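Participant: Using the sequences and the hints, build the whole thing.
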Amino acid sequence: MQHDEFNDNGRRDFLKNVAMATAVTAACGSLTCSCSSKKPTVAQKVKLLSPEGEIVEIDSAYLNHQEHMAIVSKLEAREGIAGKKFVMVVDLARCKNARKCISACQKWHYRPEETEWLTVKLLKDSDKGAPYWFPKQCFHCDNPPCVKVCPVDATFKRNDGLVLIDNERCIGCKFCMAACPYSTRVFNWNEPEMPADIRDLVSNPETNLPAKVGTVEKCDFCPDRAREGLLPPCVEACPNGVFYFGDENEDTVTNGEETVSFTQLIKDRAGYRFLEELGTKPRVYYLPPKDRQFPVERGYENLPDKLKDRFRDIMEPAAKK
Amino acid sequence: MELNSYQQQAFNHQRAEIEKFGKKNWFFVIFFLCWIAAGAYALYLQISKGHGVTGMRDNVVWGLFIVNFIFFIGLSYAGAIIAGVLHLLKVPWGRPIVRLAQMMTVISVVVGPVFILLCVGRFDRLHHLFFYPRIQSPMTWDVMAVITFFAGSVLFLYLALVKDLAVYRDAKLNIPKWKQRLYKFLAIGYRGAASQKRHLIISQNLLAIIMIPLSIIVASILSWIFGMTLRPGWHSTIFGPYFVLGALYSGCGVLIVAMWVYRKMYNLDAYITKKHFVNLGYIMMMLAAGYGYFTFSEYFTNWFGSAKWESEVIDKLFNPKEYGWWTLFANAAGILLPILIVAIPATRKISLITIAAFIMVMALWVKRYLIIVPTLETPALPMQDTRMEYVKYTATWPEWTLTIAGVATFLLFFTLMAKFVTVVPVSGLEDPHLQHNHQHEPEPAANQTVQPA
Numbered sequence: 003m004q005h006d007e008f009n010d011n012g013r014r015d016f017l018k019n020v021a022m023a024t025a026v027t028a029a030c031g032s033l034t035c036s037c038s039s040k041k042p043t044v045a046q047k048v049k050l051l052s053p054e055g056e057i058v059e060i061d062s063a064y065l066n067h068q069e070h071m072a073i074v075s076k077l078e079a080r081e082g083i084a085g086k087k088f089v090m091v092v093d094l095a096r097c098k099n100a101r102k103c104i105s106a107c108q109k110w111h112y113r114p115e116e117t118e119w120l121t122v123k124l125l126k127d128s129d130k131g132a133p134y135w136f137p138k139q140c141f142h143c144d145n146p147p148c149v150k151v152c153p154v155d156a157t158f159k160r161n162d163g164l165v166l167i168d169n170e171r172c173i174g175c176k177f178c179m180a181a182c183p184y185s186t187r188v189f190n191w192n193e194p195e196m197p198a199d200i201r202d203l204v205s206n207p208e209t210n211l212p213a214k215v216g217t218v219e220k221c222d223f224c225p226d227r228a229r230e231g232l233l234p235p236c237v238e239a240c241p242n243g244v245f246y247f248g249d250e251n252e253d254t255v256t257n258g259e260e261t262v263s264f265t266q267l268i269k270d271r272a273g274y275r276f277l278e279e280l281g282t283k284p285r286v287y288y289l290p291p292k293d294r295q296f297p298v299e300r301g302y303e304n305l306p307d308k309l310k311d312r313f314r315d316i317m318e319p320a321a322k323k
Numbered sequence: 047m048e049l050n051s052y053q054q055q056a057f058n059h060q061r062a063e064i065e066k067f068g069k070k071n072w073f074f075v076i077f078f079l080c081w082i083a084a085g086a087y088a089l090y091l092q093i094s095k096g097h098g099v100t101g102m103r104d105n106v107v108w109g110l111f112i113v114n115f116i117f118f119i120g121l122s123y124a125g126a127i128i129a130g131v132l133h134l135l136k137v138p139w140g141r142p143i144v145r146l147a148q149m150m151t152v153i154s155v156v157v158g159p160v161f162i163l164l165c166v167g168r169f170d171r172l173h174h175l176f177f178y179p180r181i182q183s184p185m186t187w188d189v190m191a192v193i194t195f196f197a198g199s200v201l202f203l204y205l206a207l208v209k210d211l212a213v214y215r216d217a218k219l220n221i222p223k224w225k226q227r228l229y230k231f232l233a234i235g236y237r238g239a240a241s242q243k244r245h246l247i248i249s250q251n252l253l254a255i256i257m258i259p260l261s262i263i264v265a266s267i268l269s270w271i272f273g274m275t276l277r278p279g280w281h282s283t284i285f286g287p288y289f290v291l292g293a294l295y296s297g298c299g300v301l302i303v304a305m306w307v308y309r310k311m312y313n314l315d316a317y318i319t320k321k322h323f324v325n326l327g328y329i330m331m332m333l334a335a336g337y338g339y340f341t342f343s344e345y346f347t348n349w350f351g352s353a354k355w356e357s358e359v360i361d362k363l364f365n366p367k368e369y370g371w372w373t374l375f376a377n378a379a380g381i382l383l384p385i386l387i388v389a390i391p392a393t394r395k396i397s398l399i400t401i402a403a404f405i406m407v408m409a410l411w412v413k414r415y416l417i418i419v420p421t422l423e424t425p426a427l428p429m430q431d432t433r434m435e436y437v438k439y440t441a442t443w444p445e446w447t448l449t450i451a452g453v454a455t456f457l458l459f460f461t462l463m464a465k466f467v468t469v470v471p472v473s474g475l476e477d478p479h480l481q482h483n484h485q486h487e488p489e490p491a492a493n494q495t496v497q498p499a
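First to last, the protein sequences are chains A and B.
Counting in the working numbering, the first sequence runs from 3 upward without gaps.
Counting in the working numbering, the second sequence runs from 47 upward without gaps.
Keep in mind that the hints were calculated from the coordinates and are not lab data.
It is possible that part of the hints are untrue.
What the hints assert, rightly or not - Reference listing, derived: stretches of chain B covered by chain A, where coverage requires no fewer than 3 residues with Cβ under 8 Å from a Cβ of chain A:
1) 86-98
2) 102-110
3) 178-185
4) 431-437
5) 463-477
Unchecked claim - Across the chosen pairs, the derived CB separations fall in these ranges:
6) A:D202 to B:W349: 52 to 58 Å
7) B:A335 to A:L77: 53 to 59 Å
8) A:P114 to B:W446: 24 to 30 Å
9) B:M463 to A:E69: 56 to 62 Å
10) A:E116 to B:W446: 21 to 27 Å
11) B:T440 to A:G231: 46 to 52 Å
12) B:T440 to A:S75: 42 to 48 Å
13) B:V131 to A:E78: 50 to 56 Å
14) A:E81 to B:A335: 52 to 58 Å
15) B:W446 to A:N251: 49 to 55 Å
16) A:K310 to B:M332: 33 to 39 Å
Bear in mind the structure is a predicted one, so any value in this text is a computation, not a measurement.
Quick reminder that beta carbons are idealized off the backbone N, C-alpha and C, glycines included.
Facilitator: Shown next as structure tokens:
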């Protein structure tokens, strides 16, 4: 497996630098990045409360904060990252249902096994059509039906295109879940289980942690990681580079291995948006499963029975009762 | 307060019911309270353990609770429209049943919203609805609508009660002091003076004029919680009027059943007569035809158009292995049965009309279930989930218990209210034997219609 050849740390650093390159591009206007390990000083100053009770101002680059600890205030988390317009491209020709994206997502967000923010569906558009694997996150629609119906402004659209949820505002009416045509949102029906240190974190829409019972949650495109120049875990974890994540304003998307022009990619590969006719204007684009790298069976054969059952209707229609 | 002989007779007939709280009443009250206690326990489980104790899951996010919400709120809107129309049109035969319609309005607008609150995952954050309201959300519209409607319906009932309260106050009833004081307080010093009469009738007329369009607006807003989403079976332009008609229709049925129950229990045969059943039966029949027409339009256009997503819902509704039999019941018992019973003179009897109304009300509850659940079970993307409870909705015992507790609360309030005010209002009553003459007289001035001597 191509994926296993990578040393995990090396891979992470490499990706970090690639992502940093993308970030620096915005500032420099060119792709002349030195992939140095030295921390660049960002002009952004952050106000902090010191243990002595004084307010100090520190360059954000020198902050060594803990993972999953929100960098921004709740108010800023509603604004979004200035100048960004996040976008994702999913290459259906490369997906073989390896499900690494799902486990990485679950792990990063401390989701139990059955609560998938990211799902891989097996779609078959027509009777004679060929089935294909269809990874689906939140589409972060530009005309989001979920945001329209939220009665308390708990789910909101940010300037950088993300649709996030404040799980301390959410009253759990589930109207957004009924309104989302893509079944993206999940509900904490029971008290969610989490490690103690995660449970103690201060809730922030950017981290979506800690999860709270009786509230709605969903894929958030990991804005906390984006602020650090990191790619979402699903993008990083995919062994086949299915997911391209990037910034529409910069017209750049990367799957961690190659960085390409967003418009060119969509143009060359006839990118489309799922259920465009609903008018929701998703920020996730799909590249049609043409010239596929893997036969669809590759994603089915080695699955455990429980997962196989999900797709049996399509893969083994004869076995259907 | 002065009453004419007919009114006095009606009051004396019902006097005992507001004076005494008999063993039978206690039995019913305790019976209802037991169910409410069971519901409270189910609610405790739901709050302490989370919504996992219900059958609702990520796909079917709403279940019995929202079905009950639509059902009760519908009764409420219907009561207001029926009472408003009977009042404004000065229908003489309508007088004895206006109170029942108004009681139904107030009680169901209290019980109904409890059910939508049961759908809410975080009771501790309900104040967010007022602290951080988002005006774009149909849910916010509904919060405003229900609160406005609640205020309006309480006022509407109260204004209609004032004259009767004055009667109770002056009647030297054999009742405890607190009750006497309460009547005195609530009667706000009404003595039947000309100016008081005028003010009362003007306020009542105005409120009736407000309540009718208000009911239509709030019923539409309720439908828009569903209609404003993009889901098949919900996203329909006729949903507003469809819900208005459905509400009116089921409310008419419940009113007929309530009339029958009180007629039997309180021996009101002389005041709630066959004429009431037949007349409301005619209204029910017309509403059934209208509702049937809407239902047909909805199913027929979706089926004929046969867009993929819509067809999936229609297929589920008409497939005997899924909801086919329920759809048959909802439409046969909910639309055809009342039409047949009322249309055929031989079956146009008090008992049969009541039975038809009762079955129709059940069928309309099922119809609401068929509006909510099959649509939620049909997302755009295939579910591909091995957890059966995520794929198909099955209500759990806490949901059923809370549903029964809701019905018990509805009946309990009815029982208690009927012990506080007379079911048939006495002050506005007209002797049906004199009505014939009245119809040929010129329309009396407003302040005279209150109390025909």
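Participant: So, for every hint listed, does it hold in this structure?
Facilitator: Taking the hints in turn, this is what the structure says about them:
no. : hint                         : result
1   : 86-98                        : holds (count 4)
2   : 102-110                      : holds (count 6)
3   : 178-185                      : holds (count 7)
4   : 431-437                      : holds (count 3)
5   : 463-477                      : violated (count 0)
6   : A:D202 to B:W349: 52 to 58 Å : 55 Å, holds
7   : B:A335 to A:L77: 53 to 59 Å  : 56 Å, holds
8   : A:P114 to B:W446: 24 to 30 Å : 28 Å, holds
9   : B:M463 to A:E69: 56 to 62 Å  : 60 Å, holds
10  : A:E116 to B:W446: 21 to 27 Å : 26 Å, holds
11  : B:T440 to A:G231: 46 to 52 Å : 47 Å, holds
12  : B:T440 to A:S75: 42 to 48 Å  : 44 Å, holds
13  : B:V131 to A:E78: 50 to 56 Å  : 55 Å, holds
14  : A:E81 to B:A335: 52 to 58 Å  : 55 Å, holds
15  : B:W446 to A:N251: 49 to 55 Å : 53 Å, holds
16  : A:K310 to B:M332: 33 to 39 Å : 55 Å, violated
Figure legend: structure checked against the earlier numbered hints; hints not met, in rising order: 5 and 16.
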